[in-house]
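*Asks:* Let the hints inform the model, and build the full structure from the sequences given.
One-letter residues, chain by chain:
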Amino acid sequence: MDVSEKTRDTWILAGAMALIVAASGFASSYASGQAARQLAKMTSEALGPSPRGEATWTTMREGSVLGRVDRRGEPAAYLVVARYADGEFRAAASVDGDGSILELKPLGDSGDAYSKRLAALFSGAVRRGSRADASTLDASLKALVTDTFEALAILERGRTEADDGDR
Amino acid sequence: MVIDNGRVSAGPLASLAGLAPLLVFSNSLSQGVALGVAFFLAYSAAGAMALLLPARLGRSLVFMFSILGAAVVSSLTASALRLFDPFLFEAAYDRVFLSVFTLPVLRACVIPATVSDRERAIERLLWGIGYSFLIAVTGAAREFLATGAVSTRFGTERGSLLPIFAQPAGAFMLIALAAAAFTVVIKAVRGSES
Chain E
0 MDVSEKTRDT
10 WILAGAMALI
20 VAASGFASSY
30 ASGQAARQLA
40 KMTSEALGPS
50 PRGEATWTTM
60 REGSVLGRVD
70 RRGEPAAYLV
80 VARYADGEFR
90 AAASVDGDGS
100 ILELKPLGDS
110 GDAYSKRLAA
120 LFSGAVRRGS
130 RADASTLDAS
140 LKALVTDTFE
150 ALAILERGRT
160 EADDGDR
Chain A
0 MVIDNGRVSA
10 GPLASLAGLA
20 PLLVFSNSLS
30 QGVALGVAFF
40 LAYSAAGAMA
50 LLLPARLGRS
60 LVFMFSILGA
70 AVVSSLTASA
80 LRLFDPFLFE
90 AAYDRVFLSV
100 FTLPVLRACV
110 IPATVSDRER
120 AIERLLWGIG
130 YSFLIAVTGA
140 AREFLATGAV
150 STRFGTERGS
160 LLPIFAQPAG
170 AFMLIALAAA
180 AFTVVIKAVR
190 GSES
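Chains E and A are the protein sequences, given in the same order. Numbering of the first sequence is given in numbering that gives the first Met the number 0, commencing with residue 0 and proceeding in unit increments. Numbering of the second sequence is given in numbering that gives the first Met the number 0, commencing with residue 0 and proceeding in unit increments.
Everything labelled a hint here was simulated from the structure, so no lab data went into it. Just so you know, these numbers come straight off a predicted model, no measurement behind them. It is possible that part of the hints are untrue.
Calculated lysine to any residue pairs in the SDA-like style (CA-CA distance at most 20 Å, straight line) [claimed, not checked]:
| id | chain 1 | residue 1 | chain 2 | residue 2 |
| --- | --- | --- | --- | --- |
| 1 | E | 40 | A | 84 |
| 2 | E | 5 | A | 51 |
| 3 | E | 5 | A | 82 |
| 4 | E | 5 | A | 84 |
| 5 | E | 5 | A | 53 |
| 6 | E | 104 | E | 150 |
| 7 | E | 141 | E | 75 |
| 8 | E | 40 | A | 51 |
| 9 | E | 115 | E | 126 |
| 10 | E | 40 | E | 71 |
| 11 | E | 115 | A | 147 |
| 12 | E | 40 | A | 59 |
| 13 | E | 5 | A | 59 |
*Replies:* What follows is the structure, encoded as C-alpha cells:
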C-alpha cells in the first residue's frame with residue numbers, strides 16, 4: 000500500500016469533513032434564529048403585542064423556563080414549558096423587575112387533566128389572594144409550579160441586577 | 000436473515016436490543032417519528048460512508064469518518080426539527096444525538112469485510128428502514144396505551160389510559176412483550192419444520 004496516497008486521502012477527507020461540519024454549524028445557527036423568532040412572536044402575541052414592536056429572544060433552559068423575550072419599555076416576558084409525566088404545559092409569563100409574576104397566559108390547550116390542573120394552579124398562584132379548588136393531582140404538580148415561579152423570580156432579579164450593574 | 004435454516008441469527012436481534020435507548024425515549028407518535036427519522040438518516044449516512052470510503056484508509060479511519068458523518072447528519076436533522084417544531088426540538092434534541100451511539104449505527108460504521116458483505120448493502124438499508132419504523136410504531140403504541148389516543152401534533156395528548164406506558168418502564172414492558180411474542184413465533188416455526 001502506498002503510504003503517501005493514504006495520507007493524501009486522509010487529509011482530503013478531513014478537509015471535506017471540516018467543510019461539512021462548518022456547513023452544519025451554519026444550518027444550526029440559521030435554525031436557531033428562526034426558532035427564536037417564532038418563539039418570541041408566540042410569547043409576545045400571547046401577552047399582547049409590544050407598542051414598539053421589538054422583541055429579542057434569549058434561550059435559557061433553566062428548569063421549566065425555556066427562554067426570555069425582552070420588549071423595550073415593558074416587563075420581560077418568559078416562555079414556560081413545564082413538563083410532567085406524559086405531556087407539557089406551555090405558558091407566557093410577564094415578570095416584574097422584582098421577580099413577581101404580573102400575568103400568565105397558557106399557550107394552547109393540550110386537553111388532558113394534568114395540563115388543565117397546571118393552568119388552574121399557575122393562575123391561582125398569580126392571583127395570590129384567590130384560592131383555587133383542591134384536586135388529587137395537586138400533590139404531584141404543586142412542586143412544579145413553585146419551582147417555576149422561583150426560577151422566574153431568580154432569573155428576572157438576576158437580569159435586573161445585571162442591567163443596574165451595567166449602568 | 001433472522002431465521003436461517005431454523006436457527007435464529009443473533010445479529011439483528013442484538014441490534015434491536017441496541018435500539019433500547021431510542022425505544023425508551025420514544026413515548027409518543029411525534030417523538031417516535033422524529034427519533035425514527037433521525038436514526039434512519041444517521042444509520043444511512045454511517046453505512047454509506049463505510050461502503051464508499053476507500054478501503055486503503057484502514058478500518059479505524061473509515062470508522063472514525065463514518066461516525067463523524069453520522070454525527071453531522073444528526074446535527075442537520077436536529078436543525079430541521081428545530082425549524083419544523085421548536086417545542087418538539089426542545090423535548091427531543093438530546094435524544095436525536097443518542098441515535099449516533101446506538102448499536103446498529105456503530106455496526107454500520109464498520110467497513111464491510113468481504114465482497115459478499117458489500118453486496119448486502121440493500122439488505123442493511125431495509126433493516127434500517129425496519130428499525131426506524133419500529134421506533135415510530137413503538138412511540139405510537141406507547142402513546143395509545145398511555146392516553147387512549149394518538150396525536151400527530153406534539154404536546155396535544157388526550158386523556159389517560161395506562162400512564163405507565165409513557166414512562167421508561169412502559170418501553171421495557173413493551174420490549175418484553177414483543178420478545179415473548181417473537182419467541183412464540185420462532186417456536187411455532189421450528190415446530191412446523193420438525
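*Asks:* Are any of the numbered hints broken by this structure? If so, which, sorted upward?
*Replies:* Violated hints: 3, 4, 7, 8 and 12; rest satisfied.
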